[in-house]
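S.K.: Build out the structure end to end from the sequences listed, making use of the hints.
Chain by chain, the residues:
There are 2 protein chains.
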Amino acid sequence: MSFIPSSRQTILTGDRTTGPLHIGHYAGSLRNRVALQYDHDQFLLLANCQAITDNASELGKSEGFRAGKGPNHVIEVALDYLAAGIDPAVTTICVQSELPALAELSLLYLNFVSVARLERNPTVKEEIKLRGFMRDVPAGFLCYPAAQAADITAFRATLVPAGADQAPMIELSNEIVRRINRQVQKDILPEAKILTPPVGRLPAPNGKGKMSKSLGTVISLSASDDQISDVVMSMYTDPDHIRTSDPGRVEGNVVFTYLDAFDDRAEEVQDLKMRYQRGGVGDVTLKRRLIGVLQGVIAPIRERRFEFGRRPDYVMDILATGARKGRAITDDTKRCIEDHLGIFRLR
Amino acid sequence: MSFIPSSRQTILTGDRTTGPLHIGHYAGSLRNRVALQYDHDQFLLLANCQAITDNASELGKSEGFRAGKGPNHVIEVALDYLAAGIDPAVTTICVQSELPALAELSLLYLNFVSVARLERNPTVKEEIKLRGFMRDVPAGFLCYPAAQAADITAFRATLVPAGADQAPMIELSNEIVRRINRQVQKDILPEAKILTPPVGRLPAPNGKGKMSKSLGTVISLSASDDQISDVVMSMYTDPDHIRTSDPGRVEGNVVFTYLDAFDDRAEEVQDLKMRYQRGGVGDVTLKRRLIGVLQGVIAPIRERRFEFGRRPDYVMDILATGARKGRAITDDTKRCIEDHLGIFRLR
Chain A
88 MSFIPSSRQT ILTGDRTTGP LHIGHYAGSL RNRVALQYDH DQFLLLANCQ
138 AITDNASELG KSEGFRAGKG PNHVIEVALD YLAAGIDPAV TTICVQSELP
188 ALAELSLLYL NFVSVARLER NPTVKEEIKL RGFMRDVPAG FLCYPAAQAA
238 DITAFRATLV PAGADQAPMI ELSNEIVRRI NRQVQKDILP EAKILTPPVG
288 RLPAPNGKGK MSKSLGTVIS LSASDDQISD VVMSMYTDPD HIRTSDPGRV
338 EGNVVFTYLD AFDDRAEEVQ DLKMRYQRGG VGDVTLKRRL IGVLQGVIAP
388 IRERRFEFGR RPDYVMDILA TGARKGRAIT DDTKRCIEDH LGIFRLR
Chain B
88 MSFIPSSRQT ILTGDRTTGP LHIGHYAGSL RNRVALQYDH DQFLLLANCQ
138 AITDNASELG KSEGFRAGKG PNHVIEVALD YLAAGIDPAV TTICVQSELP
188 ALAELSLLYL NFVSVARLER NPTVKEEIKL RGFMRDVPAG FLCYPAAQAA
238 DITAFRATLV PAGADQAPMI ELSNEIVRRI NRQVQKDILP EAKILTPPVG
288 RLPAPNGKGK MSKSLGTVIS LSASDDQISD VVMSMYTDPD HIRTSDPGRV
338 EGNVVFTYLD AFDDRAEEVQ DLKMRYQRGG VGDVTLKRRL IGVLQGVIAP
388 IRERRFEFGR RPDYVMDILA TGARKGRAIT DDTKRCIEDH LGIFRLR
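As you go down the protein sequences, you meet chains A and B in turn.
Letter 332 of the first sequence, counting from 1, is numbered 419 in this note's numbering, and no numbers are missing.
Letter 221 of the second sequence, counting from 1, is numbered 308 in this note's numbering, and no numbers are missing.
Simulated from the structure, these hints should not be mistaken for laboratory data.
Incorrect hints may have been included.
All copies of an identical chain are treated as equivalent in the list; a pair is satisfied when it fits inside any one copy or across any two copies.
The calculated EDC-like cross-link candidates involving lysine to aspartate or glutamate, where the alpha carbons are at most 16 Å apart (straight line), are [claimed, not checked]:
1) Lys148 x Asp426
2) Lys148 x Glu214
3) Lys148 x Glu425
4) Lys212 x Asp419
5) Lys360 x Asp325
6) Lys412 x Asp333
7) Lys273 x Asp347
8) Lys148 x Asp358
9) Lys295 x Asp252
All of these numbers come straight from a predicted model, not from anything done at the bench.
M.R.: Structure (structure tokens):
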């Protein structure tokens, strides 16, 4: 019996396991999770089932797997978590496919949401367009917000750190929560709040759209000093800033966006921006600074990642422990919902 | 190691657990299952998850449950199976919600079928119209054919006894089987064949549409002699057959349809039809014959049902044994599919 008041919030977040994470994930989510983990009950989901919803045709192709494509990069992402500073003693890392209650609740929740409601989801709409699915959208892709609701509620999460574009997902989850609570006339599931990151989504180094593995110019969390240097030296700045003495633009200048995201000395960056806008600061000066900053961020992550990569048994132990803990809480939530809905259960 | 050639077919079939079964189920499916069970590996699924796909709003309402509505009538249907002669020593009776692999495979299969493909399913189309769902169709209802494919393949069924209207479901299941087998370049899943029953769907006693619990005039498998008599005496015959001496119509005459389905003395029924058509046979004569036949069919079922109903522990033991066997085979199929698709698994 514990007398510690349970005012701690439960966090659920995670990643589709479609490949190793990159510095954009670090800026937007990973480092926040590291900061949040000691004051919250944090669960990280390696979402390898959700990863299939738009990658099913890649399954079973070992070539694709080796080339770093496809939805089966569970270990890669787990290594990224540990390397970035996720502490498995306080954060529970779970592999989605190891928790059957998530699939069972997903299927149940599909009965509490209409096809029209799923089709109205703006994020899914946008992603359907982006992936060129149109009418051939896989049913699993249309339905994944219901599966996400299962993830969130199965862990009884009250906080979901995610980009602002994920707000409609969390709203749908809360709709399902309210419908079930109303139907059983008891608040058996908590609603969740979104927690948007302080740093928005980083642009691709070439300035075109968001960072994406498929563009090939991302900085991975195991990038070498030379790779970091190469990517930064090719970064988009201000195409009209020809000579050092020319005034330069800061808005849309990817190097400054990255400096804002990663450079701890914010005042120096502010000063640099003013001088760049006036004229007299060359792009190479900016880029050298960013290279130094990024190399400083990446080096310890890369080293830890290498070390963890040499201890596969240790990583598997962490995932096994996470699966045990995750099964306990998600099975418990599932049983609670089933009991209240009157669904048959063998004792 | 067994040297018995495995030429036996595996059967999967079952019922949504939306209420006790009636004499229409007996004629169309139950008695065939009893006949098939000794020569096949037969699994019967108490489909309490599928039952939710068009009944979610009934969940958690104990009133509805007591009134015989809602999707939670697992025990009722199990009693019907046992009473009708299903032998748990040779037929495995499984409760759907006790087999998590079915939900996991359902969710996986949703990635292998497009929304457009599900919407084209003629049976689902028809049922959506029938239930008045239109655009508010629950996602679970649109998706249930993929869940049925999971049921069929998880048991590696090769024969699915079902009405002809279920043919599109089995075709979809086979499509998913072919797609997965092609993708992993190995026939890891068998295709299934439909086995349509010799007797078609029985009409409602009033001759309007198919038998349906909600019409209130079905003959349940625990109907008393008086209840049987009452329903048959009110049955639709030939409205133009006023006097005994009038010639009567056989087509559309519900009493003859039921006699065809249940009366073992087919030659006598043929003779009766000829005499009825000529004139000289009264409706009461027909109905008295049918009452006798149906009372003879129902009496032993009703008695066994009563006896099993007094032994709930025995029934629960049968379901527990079924769940154990069902989990073994469905988990095994799921693991086989996951391994071939390269999905992560601990150990």
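S.K.: Broken hints, numbered, in rising order?
M.R.: 2, 4, 6, 7, 8 and 9
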